[in-house]
Every structure is written in structure tokens, then in C-alpha cells.
Amino acid sequence: MKQEKRPVRKEKELLESRRLNPLNWLVERRLKSSIVFLHKGSGNLKEISNEGGVLKEECYQKN
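Numbering (UniProt numbering) for the sequence shown: 1 to 63.
Since the hints were derived computationally from the structure, they do not count as laboratory data. Warning: the hint list may mix true and false statements.
Simulated crosslink set (DSSO-like; lysine-lysine; CA at most 27 Å straight-line) [unchecked claim]:
hint	residue 1	residue 2
1	Lys32	Lys46
2	Lys46	Lys62
3	Lys32	Lys12
4	Lys46	Lys12
5	Lys40	Lys62
6	Lys5	Lys62
7	Lys5	Lys46
8	Lys2	Lys12
9	Lys40	Lys10
10	Lys10	Lys32
11	Lys62	Lys12
12	Lys2	Lys46
13	Lys62	Lys10
14	Lys2	Lys32
15	Lys10	Lys46
16	Lys32	Lys62
17	Lys40	Lys5
18	Lys5	Lys32
19	Lys40	Lys2
20	Lys40	Lys12
21	Lys62	Lys2
So the derived label-pair ranges between C-beta atoms look like this [to be verified]:
hint	residue 1	residue 2	range
22	Lys2	Gln61	18 to 24 Å
23	Gln61	Arg9	24 to 30 Å
24	Leu31	Gln61	16 to 22 Å
Note that the Cβ used here is the ideal one computed from N, Cα and C, for glycine as well.
Please work from the sequences and hints to get the whole structure.
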């Protein structure tokens, strides 16, 4: 498994627009249509995608 990365400015702005603190989140993977973030403390994964200009958010536990 690859190592998680710190979010870049656009990703931080995306997190802030969803009322999430960018200091608590790492980027687990970047996909064409979405970004998967990993919470540093709890280990929860949150996928935020942009399909047709509408943001969709999905949250699940990391195994």
C-alpha cells in the first residue's frame, strides 16, 4: 500500500468547503472523478467526488 500524502491547496479548499479541517485529513488516493481522504485520528475514509458539478460524499471505515 502506498503512503498517504498531504492535500494540496485545491484539495484543502475542497475539504474546507465541506466544513472539514484539512489538518486532520490525508489524501489516500486520487481518482479521475474523486479523491479519497483518510482521517489521521480515526482512520475513516471519505470519498468526495465531482460528478456533473455536484459534490457527492461517501464515508466508510478502512479495513
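Which hint numbers doesn't this structure obey? none
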